[in-house]
Amino acid sequence: MTNDNVKQALRDLFPDPEPVVEAATDAEAEGDKKKPAGKKEEPRINGLIERDHAVHGYDIDVQLDPGELLAAVMIINKAGFFIESITGVDWIKEEQLEVVYDFSRYDFDTCRIVIRTRTPRSEPKVPTISKIYPGANWHERETHDFFGIKFDGHPHLIPLLLPEDADFHPLLKDFKP
Amino acid sequence: MSGPIHIRPDETFTLNVGPQHPATHGVLRVKMEMDGEYIVKAETVLGYIHRMHELMGENRTYPQVLPNLSRLDYLGALGYTHGHVLVIERAAGIEVPERAEYIRAITVELNRIASHLFWFGAFVMDLGGFTPLMYAIQDREHILDLLEAVTGSRLTYCYYRFGGLYNDVDDDFIAATKAVIPMLRKSLKKYDALVTGNIIFMKRLEGIGPISAEMCRKYGATGPVARGAGIDFDVRKNEPYSVYPEFDFDVPVYHECDSLARYKVRMDEMEQSLRIIEQGIEKLPDGPIMPKKKPKLIKPPKGDYYQAVETARGSFGIRIVSDGTKNAYRFKLRSPTYSNMSLFDEACEGMMIMDALAMMGSLDLVIPEIDR
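In order, the protein sequences belong to chains U and W.
Quick note, in the working numbering, the first sequence goes up one by one and the last residue is 1290.
Quick note, in the working numbering, the second sequence goes up one by one and the last residue is 375.
The set of hints was computed from the structure by calculation and includes no laboratory data.
Warning: the hint list may mix true and false statements.
[What the hints assert, rightly or not] Calculated lysine to aspartate or glutamate pairs in the EDC-like style (CA-CA distance at most 16 Å, straight line):
| id | chain 1 | residue 1 | chain 2 | residue 2 |
| --- | --- | --- | --- | --- |
| 1 | W | Lys302 | W | Asp326 |
| 2 | U | Lys1206 | W | Asp326 |
| 3 | U | Lys1244 | W | Glu57 |
| 4 | U | Lys1286 | W | Glu349 |
Bound conformation, chain W alone:
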């Protein structure tokens, strides 16, 4: 049965992107029905690294769950652990010393920059530019060194404790952070000159991958995806927690709704995070890092508690239903990328596949965090 294969002009074929594909940044699979290079219909298939953190949250005691939270998002783990300790502190009524909250804010922002830097490199690599990744990883390394010195690990941090921190920062950390800030500022300028405005880069992103504000609302998209659609929403500003009201920073918002807008939001956010770190170091008060009075056994009173924090990817929510024992009755994690990714199926319909992959990159996916 040899001979030419005849394809009718209206015939479509199915293309599997992933689960092992560099553009999906992890084990994510998108089943695409293609008409030539155009996507007719897409269906995202999840669950390849689902680990059921929510069940682990139920059958372990509260302190035992602490390390789990940093396994969600390996690029910006501190934001997630921050949400976890905040919700337990809210539920159990634990007071946190001011110094601890300042150090938390500084380290979370450092981690946010590290996460955005890595995203920047990987995103440009998705579009065919390899060099920026190397620069970005080099800069990220400085931040990881800082965090390693104080938290003890490079990616999967378990640094925050209920009521405070595991380890105080020393003068070396302060001095090193002060030295890193101007260096990063210089790098951000370099990236801007190197990448933003590049004609190939612009043609791949400008006006491509539209995600409107209404679509964000219907799917619950948050973070840079929403801010790239003209929505001025940042949990740090809108529902202030920790010591963020003390800081003076802006929320970058772009109204173009395209992939370029989401790129610009993240690039501007790094500068804002640097501002927060600067102010945090300046205002850092002396004092203890753990409260004097802390319950030995964490047993929040019966009830339902919710806490949202702004992580590098958007609004991360955590709900604890407590039945008054030392284990949570229900431990729900609302991960931002899950909602951000859920709009992809609808958004990419009718797009060319390369544009859809560029849009996927601009969503900043971290798969362990979607699958949980």
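Bound conformation, chain U alone:
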């Protein structure tokens, strides 16, 4: 029940709810070889995709704009999810950085939510969620260490795992040690 409510609430975030089916993305993955070389992949549009837990390990996959992030996290917080982790992915070809948020439930009825948001690589900035989930504090600092993503409103955005004077971001794809 809770899951359906959360799904609906998250769907409501998107102005034109287009039902995206899992088959589309799987076909895209498998159909890679068939595609003529040099053809650019279509970037994923914002929205909610239901994933097969057996294949991907999570159930709900949401991509949204950084502006909608706080609204989505508030829905998840209200539904009683706990924060699993926050991390980044550097999509250097698309000139974008992706921030990935994982949430899960203690009364796990097969529901793991992934929230993704993309920010331009030249000026990576997303709002902090550490006011909703204080545990995000460390995860955001770590993501800032590794990718240089600024978390707007973070109370203490200094290096956590890297040296205190570090000015490099090792997980960026153009990082040279």
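Once you've looked at the hints, dock chain W against the given chain U.
Below, chain W without anything else, positioned relative to chain U:
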């Protein structure tokens, strides 16, 4: 300029616990602002043994990363390697023979007991009792001998392969494991009589170091920390993987939220792990330990894959973003102690320093796993 030092009554001072301090079990530093013996504010400083395993996961091929995973948590390494092979098997669609999965479950549980035994000894030593550590290490040695015989190493195992195992177990291992189980049961009773209920021990832990269920949720605490706060959460039960649905075992949960509850959860978990090992040995099927058909080169299809496993410290998550090549595009490790430790700053505010150190012990920290 000699003379007595005058400290105003409202003045605080800064105390550095660590990075080289026996109570932090590794190179962890906690900067504490103290008012006498009370902690006003604490800030954990990490990164002293940060090795950037996530970058190594990106610039090596999948099989080359196998040994890295056991360098995260040197006490319960098999649980982490288990998560790693499971996520690659999920991504690349590799079938695992049943015998291999059973042996994985048996060895992971053995490793979990070894990890909890060492924690038990170190925790009681934090509280001032030295003898239990010696008993615990002696018992742990039996388990390490078992694991050494089958995996080839004592701590940093690299035993699981994508699709199966490196080495099959023999009859000697089965017989020795069968012999160790009753011995460990006897030891657990001994520990209970020796430590649990001791008046000094109880006064240090009962009602001390509260970590509520809501706090666990906000910080993402899992494992014995969450179960000591009354949360019935165990990845083995809630999101079953491997052959765990085949086993009959309980998840110990205590509702007191204090350090003693977390101690009791771990002590009960060892008994449950023994039950799983017993059943595993009984049900262990014959057959191959590697699949017949296995891709020579591991190249998972494009996509994003996640796998969570229950290690000795909590829910360990591993995310692979694959771009279809032989290296991972992104290799994220979500370590349980990282989340468990992150609540320490808030939880220890207003506590006395000795109580805070007892609470820190009850979190079961392994620093290489926090720093990665």
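Going down the list of hints, with the structure as the test:
{"no.": "1", "hint": "W/Lys302 - W/Asp326", "in the structure": "9 Å, holds"}
{"no.": "2", "hint": "U/Lys1206 - W/Asp326", "in the structure": "12 Å, holds"}
{"no.": "3", "hint": "U/Lys1244 - W/Glu57", "in the structure": "27 Å, violated"}
{"no.": "4", "hint": "U/Lys1286 - W/Glu349", "in the structure": "35 Å, violated"}
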